[in-house]
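Build out the structure end to end from the sequences listed, making use of the hints.
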Amino acid sequence: LGTAVNTRILKCMIPTTLVSEESVVKAISWLCVGKCSGNTKVLFYRWLVAMFDFIDQKEQINLLYGFFFASLQDDALCPYVCHLLYLLTKKDNVKPFRVRKLLDLQAKMGMQPHLQALLSLYKFFAPTLISVSLPIRKKIYFKNSKDLWDSAVLAVRLRNHGPFSEPLKLTLSPADLHPLKRKWNSHSVIPRLNSGNYAKGQGKKEMSLSDHLSCNRSLPLEQLQSFPLLLKNIHCLELPSQMGSVLNNSLLLHYINCVRDESLLLRLYHWLSQILQEECIWYKVNDYEHGKEFTNFLDTVIRAECFLQEGFYSCEAFLYKSIPLWDGLCCRSQFLQLVSWIPFSSFSEVKPLLFDHLAQLFFTSTIYFKCSVLQSLKELLQNWLLWLSMDVHMKPTMSSPLETTLGESMNSVSALIHYVGWLSTTAMRLENNSTFLLHFILDFFEKVCDIYINHDLPLVVLLPPGIFYSSLLSLDTSIVNQLCYIMYRYHKNLIAAKKNELVQKARSEFSFSSKTCQQFNHYLTTMVGCLWTSKPFEKGIYIDPKILEKTGVVQFKNSLNIVHHPSLLSYAASFLLQESPEKRTVNVSSIQGKKWNWYLDYLFSEGLQGLKFFIRRSIHHSSVP
Numbered sequence: 001l002g003t004a005v006n007t008r009i010l011k012c013m014i015p016t017t018l019v020s021e022e023s024v025v026k027a028i029s030w031l032c033v034g035k036c037s038g039n040t041k042v043l044f045y046r047w048l049v050a051m052f053d054f055i056d057q058k059e060q061i062n063l064l065y066g067f068f069f070a071s072l073q074d075d076a077l078c079p080y081v082c083h084l085l086y087l088l089t090k091k092d093n094v095k096p097f098r099v100r101k102l103l104d105l106q107a108k109m110g111m112q113p114h115l116q117a118l119l120s121l122y123k124f125f126a127p128t129l130i131s132v133s134l135p136i137r138k139k140i141y142f143k144n145s146k147d148l149w150d151s152a153v154l155a156v157r158l159r160n161h162g163p164f165s166e167p168l169k170l171t172l173s174p175a176d177l178h179p180l181k182r183k184w185n186s187h188s189v190i191p192r193l194n195s196g197n198y199a200k201g202q203g204k205k206e207m208s209l210s211d212h213l214s215c216n217r218s219l220p221l222e223q224l225q226s227f228p229l230l231l232k233n234i235h236c237l238e239l240p241s242q243m244g245s246v247l248n249n250s251l252l253l254h255y256i257n258c259v260r261d262e263s264l265l266l267r268l269y270h271w272l273s274q275i276l277q278e279e280c281i282w283y284k285v286n287d288y289e290h291g292k293e294f295t296n297f298l299d300t301v302i303r304a305e306c307f308l309q310e311g312f313y314s315c316e317a318f319l320y321k322s323i324p325l326w327d328g329l330c331c332r333s334q335f336l337q338l339v340s341w342i343p344f345s346s347f348s349e350v351k352p353l354l355f356d357h358l359a360q361l362f363f364t365s366t367i368y369f370k371c372s373v374l375q376s377l378k379e380l381l382q383n384w385l386l387w388l389s390m391d392v393h394m395k396p397t398m399s400s401p402l403e404t405t406l407g408e409s410m411n412s413v414s415a416l417i418h419y420v421g422w423l424s425t426t427a428m429r430l431e432n433n434s435t436f437l438l439h440f441i442l443d444f445f446e447k448v449c450d451i452y453i454n455h456d457l458p459l460v461v462l463l464p465p466g467i468f469y470s471s472l473l474s475l476d477t478s479i480v481n482q483l484c485y486i487m488y489r490y491h492k493n494l495i496a497a498k499k500n501e502l503v504q505k506a507r508s509e510f511s512f513s514s515k516t517c518q519q520f521n522h523y524l525t526t527m528v529g530c531l532w533t534s535k536p537f538e539k540g541i542y543i544d545p546k547i548l549e550k551t552g553v554v555q556f557k558n559s560l561n562i563v564h565h566p567s568l569l570s571y572a573a574s575f576l577l578q579e580s581p582e583k584r585t586v587n588v589s590s591i592q593g594k595k596w597n598w599y600l601d602y603l604f605s606e607g608l609q610g611l612k613f614f615i616r617r618s619i620h621h622s623s624v625p
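Residue numbers (the numbering used here): 1 to 625.
Since the hints were made in silico from the structure, they are not lab data.
There could be a bad hint or two in this list.
[Said to hold, decoys possible] No more than 25 angstroms apart at the CA atoms, straight line, and that leaves these computed lysine-lysine pairs for PhoX-like:
hint, residue 1, residue 2
1, K595, K612
2, K498, K447
3, K492, K612
4, K447, K612
5, K91, K232
6, K26, K41
7, K515, K535
8, K26, K11
9, K492, K546
10, K535, K595
11, K101, K123
12, K58, K95
13, K123, K91
14, K447, K492
15, K546, K378
16, K499, K515
17, K612, K535
18, K583, K594
19, K90, K232
20, K101, K91
21, K351, K498
22, K535, K546
23, K594, K550
24, K378, K321
25, K583, K595
26, K26, K58
27, K447, K499
28, K123, K108
29, K90, K26
30, K612, K594
31, K90, K123
Model, not experiment: these values are computed from the prediction.
The following block contains the structure:
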C-alpha cells in the first residue's frame, strides 16, 4: 500500500475496547520488512504511545525492547521511540551498553528532553552506571502523541465503562478537534481495575497447556480484596494495564508506596497528564458544565496524593497551564490543594509559572480567598520541609531524589517564606489590618519559627516587620498570645542553631546571618518594652505629638505594658474586680509589686500559654515593676 493509504489506516486504527498484544507484535514485525516510509514509522510509534494503556498485556512487547532501542539511531523516530521506551523500561532493561549508547546519542544530538528522560530513568534504576550529572527532573519531557486520537481515545474510555447518551464523533485531524459535549462522569474517566490474564482466563472454562506454561503465577488484581492478601502476594502482583485504575484502590496505592518503583509512577503520571489536559480543556470550553463530576475527579487525585504523601508531577504541569486562566472560583478548594502538593523544586523556577499568577488573584479577591491561599501555602511549606528533612537523612546512604545541595534547598524555602511575608504584609494593608486574616498569617509563621528544631534544617527566617507590629499592637488577645508563642519558639530555635553552628560549623552548608539575630533582638526588645518595662519604641518609630495629645495620656512613654496593653485591659479589670466586686471603677495602675505577680498568675490561668512561655523565657522576674 502507498504511504497515503497507510497514513489513513493508522489514523483510523481505533480499538473497540482493548488492543491485543499479539496484533501489536504482528504490526511491529512489518516495520522490519523495510517497505514502510519514515513518516509511516513515525506515525506508528505515535499511535503505539497513544494506545499504550489500551494494550491488554505487555510481556511480549517488552521482549522487543532491544528492537525498539536499536531504532534510536533514526533521528526522526528517536523522540517517539524514547517515549515508548520510557513507558516500557524496567530495571532488567537497564544495561551498560544501552547507557553508553544513550550517552553517545546525547553527545551527538545535544541535551534533548527525550534523551534526558530515558537517562534519568536509567539513572534511577542503576545510579552506578551513570556518573554524568543530569538536570533536575523536567515537568514535561515529551510532546503529546495523542493529539490525532484525542476524541477517539475518549470514546473508547466511555465505551469501556458504560453507554453514553449521544453518539461520539471520532476526530482524525487536529484542525477539526473539538471538545466533546457528553455526560461526563469521573468514574468513567478512571478505568476499572482490570488484569489482562484474569480477563483472558474468565472467558475460558479450560486453560490450554501453553496458557499454563506462559502463566507467571501472578495474582490478578480482581482477587485482591484485603491487606493481608496484599502482603502475602506483594512479590507476584499483576499490575493493571491502565495505571489510572489505582487511584480508586487503596491496596494498590499501598503497593506503589512500598515498592517505590519509578516506572509505576511514570505510567501513572503519563495517564494522568493526558486526562487532565483533555478534561480541563473540555471543562473550560463547555462553561463549567458537570462541575461536580470534574471536582470529584480532582478530589480522587488529591486523595491519592495525600495517601502517598507525594505530589504528582503531572498535576504540577496541569497547574502551570491552568493557573493563568483560572478565575479563582471554579474548583477553588481542589486547585489550592493541588498547590499544596507541588513537589519540591527551585522557587525561582516555580515563581513565574505559578506564584506570580497566584499573587494577582490573591490581591484582587476577597479576604476569604486570601485566607485559603495562606492555608494552602502553609501546607505546601509543611510538605517541602518534610521532603527536605527526609532527603537530608537519605543522603549519607543513597543518592538524593532532589538533586540539589542543602544550601540551594534552603534558599528555595527561604524564598517561599519571604514571598508569603510579602503577600501577608500587602494583604494586611488592603484588608485594614483584619484580625481574621492575621490569624492565618500567624499560623503560617508558627510553622516557620520551628523549622530548625522540628525538621533539623539550618534555616531561621523571621516574620516581616509589618506583621510583627500589627500583631503586637492588636486589640485581639489571641493575636498577642500567638505572637508571644512564636517569639518564644524563635528564641529557642536561634539558641539551638547558634550552639550547633559553633560545634558543627564545618559540616553546615548554610550559615545563619548576624542580621537575623540583630532583627530578632530588636523585636525582642520592643516586645519586652511593650509588655513589661513600659518603654516601647525607644528607637526607630515616631508618632506626631499632636496625635499623642488627642489620646489624653500624660505619660504616654510609660503607659504601655502587660496591664495597659489594649488587648489585656479587660483582663486587668476582671482581675481587680475579683478582689472588690462591689467597686464601680477600677484603677489598673494599682497593679504593681506583688499584685503584678498575682496578675500574671491570673493571666496564665486564663489560658494565655504563649504569653506565659514568652515571659518565663525572655524576662527575669526580678525586674517586676
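Evaluation of the provided hints:
1. K595 with K612: Holds. K595 to K612 sits at ~17 angstroms (cutoff 25 angstroms).
2. K498 with K447: With a Cα-Cα distance of about 20 angstroms, the restraint between K498 and K447 holds, given a limit of 25 angstroms.
3. K492 with K612: Cα-Cα ~15 angstroms, so holds.
4. K447 with K612: With a Cα-Cα distance of about 19 angstroms, the restraint between K447 and K612 holds, given a limit of 25 angstroms.
5. K91 with K232: Given that 25 angstroms is the threshold and the Cα spacing comes to 23 angstroms, the pair holds.
6. K26 with K41: At roughly 14 angstroms apart (the allowed maximum being 25 angstroms), K41 and K26 satisfy the hint.
7. K515 with K535: Within the cut-off at roughly 24 angstroms; holds.
8. K26 with K11: Status holds; Cα separation ~18 angstroms.
9. K492 with K546: violated, 41 angstroms
10. K535 with K595: Judged against 25 angstroms, a Cα distance of about 20 angstroms means the pair holds.
11. K101 with K123: holds, 14 angstroms
12. K58 with K95: holds, 20 angstroms
13. K123 with K91: Holds, at roughly 10 angstroms.
14. K447 with K492: holds, 14 angstroms
15. K546 with K378: Violated. K546 to K378 sits at ~42 angstroms, over the 25 angstroms cutoff.
16. K499 with K515: Holds, because 17 angstroms separates the two Cα atoms, which is no more than 25 angstroms.
17. K612 with K535: Holds - the C-alpha atoms of K535 and K612 are around 20 angstroms apart, at most 25 angstroms.
18. K583 with K594: holds, 21 angstroms
19. K90 with K232: Holds. K90 to K232 sits at ~23 angstroms (cutoff 25 angstroms).
20. K101 with K91: With Cα atoms ~17 angstroms apart, K101 and K91 stay inside 25 angstroms; holds.
21. K351 with K498: Status violated; Cα separation ~31 angstroms.
22. K535 with K546: holds, 20 angstroms
23. K594 with K550: Violated. K594 to K550 sits at ~33 angstroms, over the 25 angstroms cutoff.
24. K378 with K321: Distance of about 23 angstroms is within 25 angstroms: holds.
25. K583 with K595: holds, 18 angstroms
26. K26 with K58: holds, 13 angstroms
27. K447 with K499: Distance ~22 angstroms between K447 and K499 Cα, so the pair holds.
28. K123 with K108: holds, 20 angstroms
29. K90 with K26: With Cα atoms ~23 angstroms apart, K90 and K26 stay inside 25 angstroms; holds.
30. K612 with K594: holds, 17 angstroms
31. K90 with K123: The hint holds at about 12 angstroms.
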